[in-house]
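Let chain A serve as the given structure and place chain U on it in line with the hints.
Sequences listed follow chains A and U, in order.
The first sequence begins at 1 in UniProt numbering and counts up one residue at a time.
The second sequence begins at 1 in UniProt numbering and counts up one residue at a time.
Just so you know, the hints here were simulated from the structure itself, not pulled from any lab data.
Heads up, some of the hints might be wrong.
To be verified - So the derived label-pair ranges between C-beta atoms look like this:
#	chain 1	residue 1	chain 2	residue 2	range
1	A	G333	U	W109	44 to 50 Å
2	U	A143	A	N93	23 to 29 Å
3	A	D138	U	Q18	53 to 59 Å
4	A	P235	U	S290	43 to 49 Å
5	U	A143	A	P313	51 to 57 Å
For each residue, glycine too, the CB sits at the ideal point set by N, CA and C.
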Amino acid sequence: MNAAHPIGLTIRSGSKIYPGTQALKNVDFDLRMGAVNVLVGENGAGKSTLMKVIAGVEQLNGGTITLDGRPVVFSDRSDAARQGVGIVFQELNLFPNLTVAENIFVGREKTVGGVHIDRAAQSAVARALMQRLEQEIDPDTPLGNLRIGQQQIVEIAKALAEDARILILDEPTSALSAAEVEVLFRVIGDLTRQGVGIVYISHRLEELIRIGDYITVLRDGVITGARSMEGVDIPWIVSNMIGSASKEFPKMEHHALGEEVFRVEDVSLPGPAGGYVVDHVSLSVRSGEIVGLYGLMGAGRSELLECIMAQHPAAKGRLFIAGARVRERSVSGRIRRGLALIPEDRKRDGLVQIMSIRENLTLSSLGDFTTGFHLSLKAEAAKAVEFVRRMAIKIASLEHPVSSLSGGNQQKVVIGKALMTNPRILLMDEPSRGIDIGAKAEIFRTMRKLAADGLGILFVTSDLEEVLALSDRILVMANGRLTGAFPAGAAAADVISAATPHLNKVQSR
Amino acid sequence: MSSPVPPHGSKAAGPSSQTSTLLLLLKMRTFVALILVFAFFAFAAPNFLTGANMLIISKHVALNALLAIGMTFVIVSGGIDLSVGSIVGLCAMVAGWLVLYGIDLRIGWSLQFNTLEICVIVAIAGILIGLINGILITKLNVAPFIATLGTLYVARGAALLFSDGRTFPNLAGNPDYGSDTFKLIGSGTWLGVPLSVWIMVVVAVLAAYLATRTPVGRHIYAVGGNERGAALSGVNVDRIKLFVYMFSGFCAALVGLIIASQLQASHPATGETFELNAIAAAVLGGTSMSGGRGRIGGTIVGAFVIGILADGLIMMGVSSFWQTVIKGLVIIAAVVVDQVQQKLQARVVLQGQA
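Chain A on its own, in the form it takes in the complex (with noise of 0.2 Å):
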């Protein structure tokens, strides 16, 4: 195997120490070209700074790079590009304003006499690159347009439009839907084929154990664990990420549930081309029950949590809270009435990312703690310390910036804004997108508790073991339309052959 893999990539006593704090200790990593080379740890296990120095993003303080046998320093990002190392960010880095082929060659536009860009040729190759993902997106469309989901597949195509023979990706699935993913695996395994080295970060360990040839786990900046993938199972990557084998998802707490606390009537979204994007969709959630709204990318379920609140004013539809018709038009007045959001992006949605954990965690509920005009920050500040307690977020002091917590840490900010308004109905967007297995199994667990509680929750998911594993009950849409209803413990393929009626035509829209 190892003859079929050469090395291409070494680190020796790689040390990476950023002030107050080491995040790499003396790590030997090999990468294998050919093979895909995965890698897993929880959130600031040091995953990304390992990336960050492969990619020449940052430096070694300590230790040496040896690329296909010579000793090489990346003194940029465009330096590790030169030699064949591209790199797809979590965080994608795309400019929206700019069409998806002025995206893909940004910074290396193809010219005519380096002056005039040849846009003719950009769009051909662009498209090319677009066909060969199996991806039907017009490489004039402005990226803007695109879903998450489509903007990841074109960052992944940025980086192939480098000719990269080192390919890293930084948890590139976790905005795709099955259908996407499914590709994605696709041009990887052509890749490898083609002897490119894929370095592969991701949460979800399933997906890992599926595509991985190599495997290293990485733990508080140390290597815990290398080796073939052959005989890694879950436990084995668990016990190594996190020291001890544990279960991510919450055994089901048995209770009773209560009356019907939330209901959608007929709400429709018409789409910008005709059509519409949430097609006459009705659904109700009883108190204490977890509803799980299943489907692909595009399907309209963040539209239709959207349209519940207040997001598009096109959007028809009526609303029941414990049988009371909502009529209020302001996100404000609907979240006095009981409904909150999770939002799917905690950057873009969420939070506001300048402003300190006390300020993100009243934000939505300031009312509370306003006699007239006077907002008391005494009030205020034992609110937000309740809730840092009871979501056991873990942070330094309440005044630090939001941005400084790690994604796990952050999205219990925004679910903690979003249970200090009192809500009845819980929305949440994709919950555990881009958060380490530790702080996804705390979220579910909180899930179970609320629901417990008697909140209803309605939770949109692309995660197909997440949906059945959580919910008391499974929606799944797919073209803006509801298009099965399931029991707990339904069986994965009925939901995923709901989900996709017209795979195309999803695709394609």
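Coordinates of chain U only, in the frame set by chain A:
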């Protein structure tokens, strides 16, 4: 502005206490600059330290500080208000018109107002222009820069139309109508301190309270920090934006009143380029042009740095051309130091992370 040397290339940032001291110093940089500027002129300019001179300087500063307070809220909310200088001019003309003529009802009678009524009407005029700015920005989705650039021209033109470009002279008022006290706004004192300075102090205290201790203030920061996030958290973004532009218009109206009263005349060109001084004071005081960050206290200190610099240089006999150059350099230096602080802060946050 002289400020601590940025810690270039200090990879091993040393003991973190040293970093945090430096950070504190950088955070207080406007204040440090104020002390330095003050100390410099105290030695270099004769008569600078006299009480009379202090009063004159604070009177000058009060005008710019008032505008800068309104501007701070606008910038923190993620916008910009270029129209404040024109609103000052227009409001001064409205005040002058009301003092001189009242409102002619064209039936042989005219409505005359006392000083308080004039103040209220002028304030409403300023707020209304702010409301127009706000409506353009929120309902019609015009970029703040363009919307307020438009009102800058419209308001200035309206001020000129008021008098065909002439000055309203002799705004002494009429005791019969109770408007003879109009001149007191600009010339009156309380406890030996000019009324205009008191107005600035009251507005500053109110604004600082609003910014830190009311939901409206918190919402302004949230809108500037992340508009979408704020909207999804239930913040009424449109209402907050309307508020900040109306407040800015109100501050500009106060300045228009004070100037008309101080000069006892109103000239339609009053307030030209005032908007730039106000932006300068806010930025000098640490307000981030990208929104979400800024403090009223900082803005006041920023206004004083600019004001002391200007008056001190005049007293030293430095040519006004050089003053302009120096003011520009100070503003650039402030933003450069701000960038250094941001980098240092990011590094400190990184330290805090595992």
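Going down the list of hints, with the structure as the test:
1. G333/A <-> W109/U: 44 to 50 Å: Once the Cβ atoms are compared, 48 Å apart, the range 44 to 50 Å for W109/U and G333/A holds.
2. A143/U <-> N93/A: 23 to 29 Å: For A143/U and N93/A the Cβ distance comes to about 25 Å; the hint holds.
3. D138/A <-> Q18/U: 53 to 59 Å: Holds, at about 55 Å.
4. P235/A <-> S290/U: 43 to 49 Å: Holds, at about 47 Å.
5. A143/U <-> P313/A: 51 to 57 Å: At roughly 21 Å between Cβ atoms, P313/A and A143/U fall outside 51 to 57 Å, so the hint is violated.
In terms of the numbered hints stated before, the structure departs from hint 5 and from no other.
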